[in-house]
Structure formats: structure tokens, C-alpha cells
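K.L.:
Residue numbers (this note's numbering), protein chains in the order written: chain A, 1 to 343; chain B, 1 to 343; chain C, 1 to 343.
Keep in mind that a hint or two might mislead.
Chain copies aren't distinguished; within one or between two, either way the pair holds.
The calculated DSBU-like cross-link candidates involving lysine-lysine, where the alpha carbons are at most 35 Å apart (straight line), are [said to hold, decoys possible]: (1) LYS35 / LYS274; (2) LYS126 / LYS112; (3) LYS8 / LYS126; (4) LYS9 / LYS66.
Hints listed in this document are in silico derivations from the structure and should not be mistaken for laboratory results.
Next come the chains, spelled out residue by residue.
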Amino acid sequence: MADPAFFKKAGEFALGEIAQKTGATLVPAGDDSAKKIIRDVAPLSVAGPETLSFLDNLKYREDFLKTNAGACFVTPEMAKVAPAGLTCLVSPSPYKAYAQTAQLFYPETLPKAEISERAWIHPLAKIGEHCVIEAGACVEEGAQIGNDCWIEHGAVIGRNVRVGNHCRIGTNASVSHAYLGDHVRLYPGVRVGQDGFGFAIDPTGHVKVPQLGRVVIGDHVEIGANTTIDRGAGPDTVIGSGTWIDNLVQIGHNVEIGRGCIIVAQVGISGSTKIDDFVAIGGQVGVAGHLKIGKGARIGAQAGVMRDVPPGEEQLGSPAYPSRHYFRQIAALNRLIQKKKGV
Amino acid sequence: MADPAFFKKAGEFALGEIAQKTGATLVPAGDDSAKKIIRDVAPLSVAGPETLSFLDNLKYREDFLKTNAGACFVTPEMAKVAPAGLTCLVSPSPYKAYAQTAQLFYPETLPKAEISERAWIHPLAKIGEHCVIEAGACVEEGAQIGNDCWIEHGAVIGRNVRVGNHCRIGTNASVSHAYLGDHVRLYPGVRVGQDGFGFAIDPTGHVKVPQLGRVVIGDHVEIGANTTIDRGAGPDTVIGSGTWIDNLVQIGHNVEIGRGCIIVAQVGISGSTKIDDFVAIGGQVGVAGHLKIGKGARIGAQAGVMRDVPPGEEQLGSPAYPSRHYFRQIAALNRLIQKKKGV
Amino acid sequence: MADPAFFKKAGEFALGEIAQKTGATLVPAGDDSAKKIIRDVAPLSVAGPETLSFLDNLKYREDFLKTNAGACFVTPEMAKVAPAGLTCLVSPSPYKAYAQTAQLFYPETLPKAEISERAWIHPLAKIGEHCVIEAGACVEEGAQIGNDCWIEHGAVIGRNVRVGNHCRIGTNASVSHAYLGDHVRLYPGVRVGQDGFGFAIDPTGHVKVPQLGRVVIGDHVEIGANTTIDRGAGPDTVIGSGTWIDNLVQIGHNVEIGRGCIIVAQVGISGSTKIDDFVAIGGQVGVAGHLKIGKGARIGAQAGVMRDVPPGEEQLGSPAYPSRHYFRQIAALNRLIQKKKGV
């Protein structure tokens with residue numbers, strides 16, 4: 001069970017209600033299944049008889065076969081091999097259904113609305129309704145914060161920045177020169193809106209290029225801890241709605257990222273690159289500047305992307321190649337070694 | 001036009017004055033060009049008839065040929081193909097000239113000098129003239145801040161640290177055990193002066209080696225958001241004047257970096273490595289410890305440098321090789337695949 | 001000598017006492033050596049006649065042969081070539097012995113216990129004895145801080161977090177949903193306990209998976225500046241006792257790291273991977289999710305680990321292979337180029 005020191009459970013739910021809310025089918029069907037009370041959610045290996053779990057990654061198949069869980073979200077295929085006594089909630093997307101259910105048990109809630117006397121808020125800042133602004137937070141002149149926002153300890157909202165509704169700005173994060181949509185969440189230590197890395201190289205001293213753009217962030221965007229997003233040099237840096245960015249990512253100036261993208265930890269996107277919708281980029285990938293990454297492209301971890309990537313293509317390696325090409329490179333290299341040994 | 005919520009324009013300027021300040025030549029020459037009034041700067045694709053732009057990267061050649069800009073910094077070669085009606089400012093370094101002009105339109109200015117009552121300043125700290133110290137900033141015992149400095153919200157200046165004149169310490173940045181020159185700028189979340197990663201490995205518990213050096217930073221240095229620079233273990237960690245460091249870079253203890261270097265985002269430099277003047281290091285490069293990187297060397301993105309690099313050499317790859325060698329490796333690998341297919 | 005602005009020396013010591021405390025053997029033996037007074041520690045290249053140094057890395061052999069140091073920790077082998085007049089402290093682990101001695105000269109001391117009026121501490125937080133809590137620090141409701149802890153400027157301890165004794169939480173670091181052991185040190189800007197990167201991918205909007213685990217950190221753990229450690233999704237994220245983590249490292253949710261591990265800067269460990277005791281991971285390594293890294297394994301810098309690693313194995317490269325295999329790959333590639341040239 002989730003540690004009550006940190007997590008508050010909203011209640012318990014009948015499997016029928018859960019199935020209905022998630023669009024899952026109960027197997028076996030019938031009232032016995034539908035009326036079964038579920039008191040918590042947990043991973044397969046620790047779930048007990050009144051707990052709901054999920055199987056998404058087949059690496060955890062053994063956990064599934066031995067689980068004590070009372071119920072489990074599974075694909076139709078895996079439902080067939082479920083252990084006796086386990087009620088299955090069959091779904092084409094078990095992990096999504098589990099996510100929705102876990103939100104039901106542990107909804108995110110805002111603390112009681114309160115603006116701490118130990119926060120520093122400029123008299124010309126505008127704060128929406130039902131906001132929490134914690135001690136040590138600073139909100140600068142002209143900044144506008146929407147309704148139901150949570151500005152955590154030590155977070156700093158810069159001059160004239162606009163933050164939409166239902167946003168959460170994490171501990172010690174900072175935002176300047178930026179417009180944020182609704183339901184945007186910045187994790188602790190995020191840096192949004194500082195100058196991009198722009199200068200003209202010169203032997204007598206590099207000459208700074210004033211960075212005159214902004215950062216524009218859509219709705220439902222999450223940005224991970226200590227990630228840095230520079231503002232544009234002239235154009236804006238843009239993060240599309242529904243895009244999720246992990247920790248310690250670097251987004252250079254003028255980068256445009258589309259909708260629904262997923263960018264894993266420690267990725268670096270160089271300046272002026274445009275990334276279309278629903279692109280997925282693995283951890284520690286580097287993308288050179290001024291490129292175009294097509295819609296739905298997938299870049300594997302640690303790849304180094306030096307050229308445009310067509311829509312839907314999967315690439316791997318540094319320098320990055322289409323994945324089939326990459327696997328052939330690795331195979332060829334390993335054959336070479338075998339040959340040498342064989343001599 | 002730059003968003004007036006964030007940027008304040010200093011005025012408008014005649015092309016003749018701009019040409020004079022940047023050393024550019026007007027084409028066509030004559031009073032019509034020289035008296036033309038320019039009201040702003042902008043990228044080619046969005047510049048209008050009273051706006052000045054630049055062409056530096058030939059990727060943007062099409063934007064140049066179709067631009068509505070009133071004037072444009074270009075190389076002599078590109079001036080020959082300029083569209084009709086565009087006044088060219090011909091320069092051997094158009095990007096530098098643009099940078100100087102953009103600074104003219106949008107000069108960096110310090111907010112009104114003021115030490116916030118909500119900053120915490122030790123009575124034995126010394127603060128220079130005309131400084132801005134914002135709410136939430138902390139300045140420790142014995143610290144010395146020069147004139148015209150800007151210490152942003154939540155920034156922390158440690159005990160006995162010295163900061164030169166015209167420095168800007170970004171939001172929530174921290175500095176300890178360090179001496180900073182003039183015109184040093186730390187972006188938000190920068191960490192300067194914490195202990196290096198020094199310990200003797202031991203199965204009964206690694207033994208910490210006290211880190212007894214400092215960080216010494218020259219003049220006109222910029223250090224990007226959330227970058228970390230550890231202090232020396234005995235010798236100092238040194239960052240030379242005019243060096244620019246991007247976001248999320250790691251500089252280990254005892255590292256010495258020369259003058260005018262450029263270090264792109266997410267680079268890691270291991271302990272005790274010495275980097276000579278005017279070295280350029282691409283994004284996500286790793287440099288092993290105790291190496292020497294010669295003057296003017298250039299290391300390509302994602303390279304892994306395991307050996308000393310001679311002056312002026314360009315290296316690529318992991319492990320890094322001279323670039324010609326690296327390109328041959330890639331070509332050889334790709335030929336192998338072709339052969340296999342051909343069989 | 002270490003800069004007295006930043007470091008306070010505890011005294012001077014006779015070589016005999018130092019030899020005793022570190023288990024080293026004096027060469028030459030006898031009272032002349034044992035009574036020699038040492039006033040400081042320093043690297044070989046700058047050490048003077050009353051200073052003690054060490055030789056650990058043979059790269060610094062020349063410094064050793066020319067040193068003016070009065071005494072030096074060395075291996076038995078190097079003691080044989082010591083320059084005349086140098087007293088050797090012979091030890092199987094000279095660096096460890098040096099570390100212990102440097103701690104003798106420069107012990108870490110807590111500032112005078114004091115809770116700043118400018119810190120923000122919730123009335124229901126519990127603070128141990130002899131703690132230092134600096135201006136700008138925040139300690140939330142229900143948090144428990146042990147004895148002899150140092151909470152630096154701007155550090156934030158979240159709701160119900162427990163911090164053991166003798167811990168130091170660095171400037172602007174943040175901790176939530178976590179239990180820390182004794183002698184834990186978080187460097188500036190560390191982020192512990194934020195949500196892991198957990199969501200179900202969905203074209204209509206990725207669905208967040210509530211992150212219901214914690215971060216559990218053992219004793220004597222050091223975590224470097226701006227490193228990020230996400231809390232578990234259901235299980236906990238665990239960092240074993242005696243593990244040292246460098247700057248800008250990313251530890252994903254549910255990761256378990258054993259005892260005595262060393263993780264160098266900018267490493268990324270993906271979710272649910274288990275790392276056994278005494279594993280060493282070089283800089284910028286990426287480890288995929290759901291893997292097992294065996295006890296004592298060593299992963300070289302920039303490697304990309306995609307499969308389980310057996311205990312004790314050394315791996316290199318991206319994708320990672322056992323080091324012998326990796327070196328053969330590089331050699332084979334370089335032979336290919338030679339052949340091509342030879343044609």
C-alpha cells in the first residue's frame with residue numbers, strides 16, 4: 001500500500017465501477033466479479049487479494065502467473081493464462097486503464113488555497129483564485145497566475161510571465177520570458193526562459209546576440225526536474241500541448257516541439273530544430289540544430305541525429321541511421337571479429 | 001518585433017550609423033541607403049521593410065531570397081544575389097555585425113539598484129555600488145560583491161566568495177569557494193564551488209578526500225543554466241576569460257579551461273583535464289580525466305575523448321578520432337553492409 | 001596551502017602520528033622520520049618541505065621524481081625510486097591514506113548550531129539537536145530532521161520527509177516523499193522524490209500514472225549537484241548505503257542501487273533497473289530500464305547498456321559489450337580502414 005505519510009487514498013471501489021470507467025471487460029463476467037471490492041492498486045509482485053494490478057511488460061509475466069492480486073488489467077491474450085482466482089479486466093491498453101484507476105484511488109489534490117506571508121509577490125502581479133503560493137516563492141512585476149495554481153517553495157515567476165490555470169510550478173524552479181498554458185507542470189529545478197546560447201564567435205571576445213524570443217508552452221505539458229528550456233533568439237521556443245519531457249533535458253533556443261511528444265531524460269535538442277507531433281526520443285539522445293524530425297518518428301536512446309528524420313521513421317546509433325541499417329552495422333562489426341578469430 | 005512585455009527597444013537607427021558601428025559596407029552605397037531608418041531587428045522570415053536581418057547559415061538562403069526585410073547583413077558573396085529592394089550591409093562576419101546591432105536596439109540594462117528587504121545579507125558581507133539584490137537572495141559572511149551586480153531571486157553567494165563588477169548571478173544559482181572576475185554571468189540554477197567527486201575507493205566505505213581548492217573564473221564568462229562546476233581538490237578549477245559554457249555541463253575538480261572556449265550543452269569534463277584557449281566542444285561530449293586538449297582543438301558532438309588532443313585538431317566519435325579517420329570508419333562500416341547485401 | 005578564506009586547518013602533525021593513523025610504514029624508518037613535523041597537505045607539484053603529498057596515478061610520476069614535498073604516501077614499488085630527502089609513507093593504498101590525513105588537517109565541521117529566523121519551518125516539523133538551518137530553507141509539515149544536520153540556504157524538505165542524523169542538505173536542493181539515513185549529503189540543487197516519468201501513451205493525451213512509491217536512501221550516501229532521483233511508481237527507488245553519486249545524474253523511478261556503488265557524472269539509469277553492490281559506472285553511461293547489473297560490474301564511460309550485466313563484468317561501448325569484445329570491434333574497424341588505404 002502506498003505510504004500514508006505521502007499519499008492519501010480517496011476510497012475503495014467495486015470492480016464493476018472500475019471496469020466501466022476504464023472501458024475494460026470483466027473476465028469472468030457476472031456479479032461476483034462486478035461487486036468485488038478493491039481497496040488499493042499495486043504492482044503484481046506485492047499486490048494482495050483486495051488489490052488491483054496490471055500486466056503491461058512481458059518481462060513481468062512470472063509475477064503475473066504467481067500473483068496474489070485480486071484483479072488485474074491485462075490484454076485479451078494474457079487473460080487466457082491468468083492464474084485461478086484472479087479476476088481479469090481485459091483491455092487493449094492495460095497500462096492506460098491502470099493509470100486511470102490509480103488516479104481514481106489517489107487523485108492529485110491541491111493543498112488548501114493560501115498565499116504564504118513568506119512568499120514575495122510584487123504588488124503589480126496578478127494571482128488567480130484558489131492558488132497556493134508557498135514560502136520562499138517569488139512572483140515578479142506584471143506576472144499573471146491563473147486559477148488553481150500551486151507555486152511551490154522557492155519557485156520564481158519572472159516579470160510579465162503568464163501562467164495558465166491548474167498549473168504547478170515546482171520547488172526552486174524558475175520561469176522568465178514565457179507564456180504557459182493550462183495544466184502545465186514544471187518539476188523542481190526546471191529552468192524556463194533564460195537566454196539561449198547565442199553569440200558570434202570572435203577571437204577578440206565572442207559577441208552576445210540578444211535573445212529576443214520567448215518560451216511558449218501549450219496545455220497539459222510536464223517538464224522534468226532540472227530540465228532547461230532556453231527562450232528563442234528571435235522566434236520563440238515552443239513546446240506543444242500534451243508533450244512530456246523528462247529530467248535533465250536541454251532544449252535550445254528556437255526549438256519547436258509539437259503535440260504529444262515524449263522526450264526522455266538527458267536528451268539535448270540543439271537550436272532551431274523542429275520536432276513534429278507524437279515524436280518519441282529516448283534517453284541521452286542528441287539532436288543537431290536546424291533539423292526537422294517528422295511526425296511520429298522514434299529515436300532510440302543515445303542516438304546522435306545529424307540529419308532530418310522522415311515521419312514515422314525509427315532511428316538508432318550515433319550517427320543515427322534507420323534502425324534496420326543500424327542493426328546491420330552492429331552485426332557486420334561482430335561478424336568481422338568472428339572472422340578474425342576463425343583465422 | 002520582440003515582445004514588449006519582455007524586451008525594451010532603445011530606439012531606431014539610420015542604416016549609415018549601423019554600418020559605421022559594425023564596420024559594414026552599404027550596398028547600394030549612397031545617401032538613400034545611409035538615411036534609411038531601421039526600427040527593429042528580426043529573422044529573415046518575419047522581417048518587414050523597416051527591419052534589419054542577417055544571413056549567416058546558408059540553410060536559410062531561401063528565406064533570404066524571399067525576404068521582406070529592409071536591410072540585411074550578408075557576406076560579399078551573398079550580396080550579389082540579394083533580392084531587389086533589399087539594402088545589404090556587407091560584412092565578412094554578418095552574424096557578429098548583427099549581434100552588435102541587436103545589442104544597440106536591445107541593450108542589457110540593470111533594474112533600478114535596490115537591495116530587497118527580503119534578501120538575506122550577512123552583516124559582514126560587502127556589497128558594491130549600484131547593485132540589485134532581489135528577494136530571497138542570500139549573501140554570506142565575508143562575501144564581496146563588486147559594483148553594478150545583479151543577484152537574482154534565491155541566488156546564494158557563499159562565505160568569503162568574491163564576485164567582480166558587472167556580474168549577474170541567476171535565479172536560484174549558488175556559488176561557494178570561488179572568485180569571479182568582472183562581467184561574469186551565471187544562469188539560473190548554476191552550481192559553482194561544491195566539493196569535487198573525490199574519494200579513495202574502499203570496500204569498507206569510500207574515504208572522502210577533502211576538496212581544498214577553489215573555482216577561479218575570469219572575466220566575461222557565461223555559464224549556462226543548471227551547469228555544475230566543482231571546486232579543485234588541491235589545485236583550483238579554472239575557467240578562463242571569455243569562455244562560454246552552455247546548460248547542464250559538468251566540469252570536474254581541477255579542470256583548467258583556457259580563454260575564449262565554447263562548451264556546448266551537456267558536455268562532461270572529467271577531473272584534472274586541461275583545455276587550452278579557443279577550444280570548441282560540441283554537445284554531450286565526454287572528456288576523460290588528466291588529459292590535455294590543445295589550443296583551438298574542435299571536438300564534435302557526442303565524442304568520447306580518451307587521449308590528449310593536439311592543437312587545432314578536429315575529433316569525432318566515441319572513442320574519438322581525428323575527423324578524417326572517423327568518417328572513414330563510418331564509410332567502411334557502411335561498405336561492409338553493402339557487400340553483405342550484394343552477395 | 002589551502003586558501004584560509006575557505007578552509008581552516010586543524011593543526012600540524014608529526015609523521016609518526018600520521019603513519020600510525022593511516023597504517024603506513026615510514027621509509028626511512030626511525031625517529032628522524034617519525035618526529036618530522038608536517039604542516040599541510042598538497043599535490044606533489046606544489047608541495048614544499050613541510051608538506052605531505054601522495055602518488056597514486058603514474059601519470060604524475062615526473063612530479064614525484066622532482067617534488068619538493070617533505071613526505072609522500074606511495075606504494076612499496078614507487079618508494080624505491082623516491083627522490084633523495086623525501087620521506088615515504090609506504091601504503092598499499094596511498095590515496096586512501098592521503099584522504100585520511102587530509103581529513104585530519106581539514107576536518108569537516110558544522111557551523112554553530114542555529115535556526116535562522118529567515119528559515120521557514122512548519123510548526124509540526126520536528127528538528128533534532130545541534131542543527132543549522134539557514135535563511136531561506138523551508139521544512140514542511142511533519143518533516144523530521146535528525147541531530148547535527150545542516151540545511152543550507154533555500155533547501156526544501158517536503159511534507160513528512162525523514163532525514164537522519166549528521167545529514168547535510170545543500171543550497172537550493174529539494175527532497176520530497178523520501179526517507180534519508182544518517183550521514184547523507186545532498187549537494188546543491190539535488191532533486192529527490194519528485195514523480196517518476198510514468199504515463200500511459202495515448203494519442204488523445206498521455207495518461208499520468210500516479211507515482212505512489214518513495215525514495216529510500218541509506219547511510220553515508222553522497223549525491224552530486226543538480227542530480228535528480230525520482231520516487232518509485234509503486235515500489236520505492238532505493239539508494240544503498242555507502243553509494244556515491246556525482247553531478248547531473250538521472251535515477252529513474254523504482255531503480256534500486258546497492259551498497260558502495262560509484263556513479264559518475266551525467267549517468268542515466270532508466271526505471272526499474274536493479275544495480276547490485278559495488279558497481280562502478282563511468283560518466284555519461286546510459287542504462288536501459290528493467291535490467292540487472294551484477295555485483296562489482298564496471299561500465300565504462302558513455303556506454304549504452306541494453307542487457308543484463310553479469311557480476312564482475314566490465315563493459316564498454318554503445319551498445320555495451322564485454323570490454324574485450326569492444327576493443328576487438330574498434331580494432332577490426334581500424335583494420336578495415338588500413339586495408340582500404342593499402343589497396
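K.L.:
All hints, please: hold or fail.
P.N.:
How the hints compare with the structure:
Proximity of LYS35 to LYS274 under the C-alpha cut-off of 35 Å is found in neither arrangement, the shortest distances being 50 Å within a copy and 38 Å between copies. Proximity of LYS126 and LYS112 under a CA criterion of 35 Å is satisfied in both settings, with 19 Å inside one chain copy and 22 Å between copies. Within a single copy, LYS8 and LYS126 get their C-alpha atoms as close as 32 Å, and across copies as close as 22 Å, so both meet the 35 Å cut-off. In this homomeric assembly, LYS9 and LYS66 come within 35 Å of each other (Cα to Cα) only inside a single copy, at 26 Å, whereas the closest approach across copies is 60 Å.
The structure does not agree with numbered hint 1 stated previously, though it agrees with all others.
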